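Engineer: Spelled out, the chains give:
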Amino acid sequence: MRAGGDSVLIRYLARRALHAVLLLFGVSALSFALVDLAPGDYFTDARLNPRISSETVAGLRGEYGLDRPLPVRYLRWLRSAMAGDLGVSLAYNLPASALLAPRAGNTLLLASSALALAWLAGVPLGWWAATRKWPGRILSFAASAALTIPELLMAVMASIVAVRTGWFPAGGHLALPALVLAAGSMPVVIRHTRAAVLEVVDSPFLVAARAHGISEGRLVFRYVLPAAANPLISLAGLSLGTLLSASLLVEVILGWPGLGPLLLEAVYARDVPVIVGSIVISAVFLMLGSLVADVALYACDPRIRVEA
Amino acid sequence: MRVKSGVLCALSGALFVALCPGEELLVSHSAKGRRDGRLTVALRAEPKTLNPLIAMDLPSRDVIGRMHADLISIHRQTQLTQPALAKSWTVSPDGRRYTLHLRRGLRFSDGHAFDADDVVFTLEAFLDEKTHSPQRDLLIVDGHPLTARKLDAYTVLIELPAPYAAAERIFDGLPMLPRHILEKPFREGKLAEVWRLNTPADGIAGLGPFRLKQYQPGERLVLERNPYYWQEDGSRQRLPYFDELTFLFVGSEDAQVTRFAAGETDILNRVSPRMFPQLAAGQASRGDIVSDAGPSLEYNFLVFNLSPAVKPTWFQQTAFRKAVSMAVDRDSIVRLVYGGRGAPMWGNVSAGNRQWSNSNIPIPVRSLSQARDLLASAGFTWDSGKTLRDRTGKPVEFSIIVASSNTERVQMATIVQYDLKQLGMKVQVASLEFRSLVDRVLNTRQFDAAIMGLGGGDADPNSEMNVWLSSGGMHVWNPGQKQPSTPWEGEIDRLMRAQMSAIRIKERKQQWDRVQQLIAENVPMVFLASPHVVVAARKWVGGFAPAAMADYTLWNVEELFHRDN
Amino acid sequence: MTRLWLVALTLAAIHLAVALAGFISPYDPAEQHRDYPFEPPMAVHFFDSGGNFHLRPFVFSAGRMYPLQVLVNGKLFQVEEPGHVFLLGTDAFGRDQFSRILHGGRVSLGAGLLATLLTLLAGLILGSVAGFYGGWRDTVLMRLAEVFLALPWLYLLLGVRAFLPLSLDPVRTFLLTIAVIGVVGWARPARLFRGIVLSAKEREYVYAARGFGASSLHIFSWHILPDLRSAALTQATLLIPQYILAEVTLSFLGLGVGEPAPSWGGMLAPLREAGMLTSHWWLAMPAFALLPVVMCYYAAISTSPSDR
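Protein chains in written order, with this note's numbering: chain A, 48 to 355; chain B, 1217 to 1781; chain C, 2 to 309.
For the record, the hints were derived by calculation from the structure and aren't laboratory data. These numbers come from a predicted model, not from an experiment. Note that beta-carbon positions come from the ideal geometry of N, C-alpha and C, so glycine has one too.
Lysine-lysine pairs mimicking DSSO-like chemistry, simulated, CA-CA at most 30 Å apart:
1. B:Lys1637 with C:Lys76
2. B:Lys1602 with C:Lys76
3. B:Lys1642 with C:Lys76
Covered stretches of chain C, as calculated for chain B (at least 3 residues, CB under 8 Å):
4. 32-39
5. 258-269
6. 273-281
Okay, chain A solo, but in the shape it has when bound:
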């Protein structure tokens, strides 16, 4: 029985890996094409310097192979990417992977801190909101109000608070962006926890358990949370994705050295290897997020195993 379960899991993971490769292929091709749609390239900027002649610019363009047609450039990139080389950044003249690695680490650190913060605060708050009538309503109202504020605006407000109060460094520090991102995703956590708990609290088995005089704390950890866990786990996987995409812009405004500022600048500069590299890396993060959630679900809920 045990061995059979493992082989199902392995088959499942193998299929996921295959999908992942196909997905990365599609993502890189699409982003390559989209970046190419925009007029101009990295060296267009040099045209606006009166001291640089257009011949020099043309020379530079040829040097980096930007005069080749799109399919040729993509295939060339793909071939080296398969060997683990994401190309050389036009702006930095450095391997894109050397630029991306430290920043991807920072983005992941930020997203996971924000995720942890949102869940550590959101689940108890959601629980609390579910068990108290009026505070619960007020809290869920506040949560939906918070959802209406775009993260960008929240980041702007946070930096003002930081400058005014001096409680946090205004930039370059983990605390502020992590708080902003956590505040942005916490309302969803609160709402879902509250809904899940409300559903379980009224269920017959819990009423029966309570009637048997099982203590409230034991009730929560033994019965309520496991029963409410399922939707929450899949939400966690999803919210990692939303967090990552939100974090890019928050990083830019609050000066966190993650992928966001690098990618934004690369988009403006048409630094194709960096753009495609960042997009591929965030796609990998997204897939890992949903994979972790799926595996956790698989571990928790036997019904999934049958489907897999």
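With chain A's structure known, arrange chains B and C on it following the hints.
Structural biologist: This is chains B and C only, laid out in the frame that chain A set:
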């Protein structure tokens, strides 16, 4: 301001051997400070490279400028040339041969000696075709490169292929490179690959006040004092004063201001004049030094596409362009866009350019009725809905493109759009990402009109040949013409070429004045305004001397010091 | 049920106000009062400085009293020249914020509605094709959906927007923005609809209908489409607020409708500037217009019978 110490050293050489061990240092006569502390500055973006040969972006140049030095430099406040690594120079009567005398006994930041071989090597490196240095074109006059020859260890002869006015100015910002480090990559044709951000600190050497200490990707770059720097103050103290200079990468102008307000950086190296009220608040509460260094060299303008293929042909009519210029409310631009800290412009040279601005360019009063008269005289009419129509009855509608990243120019476009609406013109503003804008204006020519800005570089007219020559690639209204398409463009071509080889400054000034007049009369571009240079520093920053030219506050970084330490 | 009514009523009132913007707002949204940049909001008074009550409310403009004139010149209210009435203050060009918020609502709310329609239509068609026909169509569409979900769109849009035609008039930029938001979001609803079609297809009566020789079109429109309807409705209430916020974010980044046409995001954009929010707080007014709209939609979701 600065005195050539060479003479002094040579005269008193016998007496002061111990103090002046063969090193001809330059004595700076700015305020005297103490050697201590560190200075933190925020860069808008991360520098891309530490290689002076290929650096194109501003942040890289900001950092590289502190790590290297040039032979002759332009004093940022007087805008005149002054000796640097070359203690003096002579020019032959025909203006083609420059003999440069180098300071003796100087050392690179790694302790290696600097001499004429390094100068010859540096010019060779910048001229190397495989490196594609953006500064290469600067060293090419009339299609031929200039040549450098070593006369002795401390004398270099530079020969120009043709007479070139103010040739000594091209040495400003041309960093002298260490031959002992770069010769090998040069021979291997790999100069473009050296000195990247991840190059270890001991692999880079320069003659600037600071040298590389540490680089933290995405975050900061730390420079430390170059112990061999070639300047000292009046009390024999070697510059720079600060132990360390840190550059933070913050991502935007707003972040620069926020980080300064939060006390995380010490100097704001030029921000938009719009920020002035906010900085003034810091001045009142914390005693920050906030300074308005006057109009910059930057000029913002509305340019029409005058390519012959463009239809309809309104833009080709001088009266139409004049009417537009007449209707634009420049005072409102200065007031609303720059918060009053800007200068309205009617000619192509900003008032910030002390030496070269033509003060006789007429300043017409804004008048919508005169603009309407001009249009009426050119055959335009208005229908009952007040829409302007041309001779054929076609309504006047066009678009202005503008770079979305530049808030100020987008605001100017909004003001111009509203002004032209008063004339019955229907104008659309399309804000585009910067590179797309440049591509449309300079390559594909798919645009009607654009709001742009130029003039970040040198004050000398020679730096803008490419803009004003009708054959120039940056002749924005109609670039790359085989023959000048109008008589006045032909005259500008002739005058620009003449001033380039004229040696006497008075003659050049007259020719450049005439060019400015021709441009103002024919309005290929409607000049709008020039922003003031607004900078700030903590109250303890001593030796602070902001200038209207780039690098604004950092040009004398070696003379800055911590006042109350 | 009363709550749903309240929500519907609020939404209707806001949409009506926005639809009647031309009548309610005292000024043309593009009109620049260049002598009054960044004018703070004006209070409407009933009592003058002497404490005397006036039946007709008035404002102070440049130190003078101007009574509000109601229903003149086809406007709800205005004041006599040379006075001005700026209920919510003015922006950098002296444009009336109140008028701009009302007119901007057309863009922001309209974009949310139309983009949702577009997404649902695309999701419905693609999801149904994938679910109904299965096979290679299903595989291709679902893999494509994964690619779309994995791309950080905001960043690509920054680059792609530049490629799009110079979209001259505000109407076309508006439609373009809608198309961009709407098309990008098709993947999630498509996956949902595919799942519904899949399960509907397997039902006995569908097999029966097929057995009787009913055409695909007949089966789809009679037996499957009804299942999709309620899911589409729920999706709509979920997507509309999301898309309103998406338009705000795009305009906030300067990718929305061009000047001088107002939109809520575009009006909020100046707040990115350092110190703007503290010195000119009234520029944040559009956020307060956003709040009730988005909250009403969220409230509608949690009230509607099929939650999530």
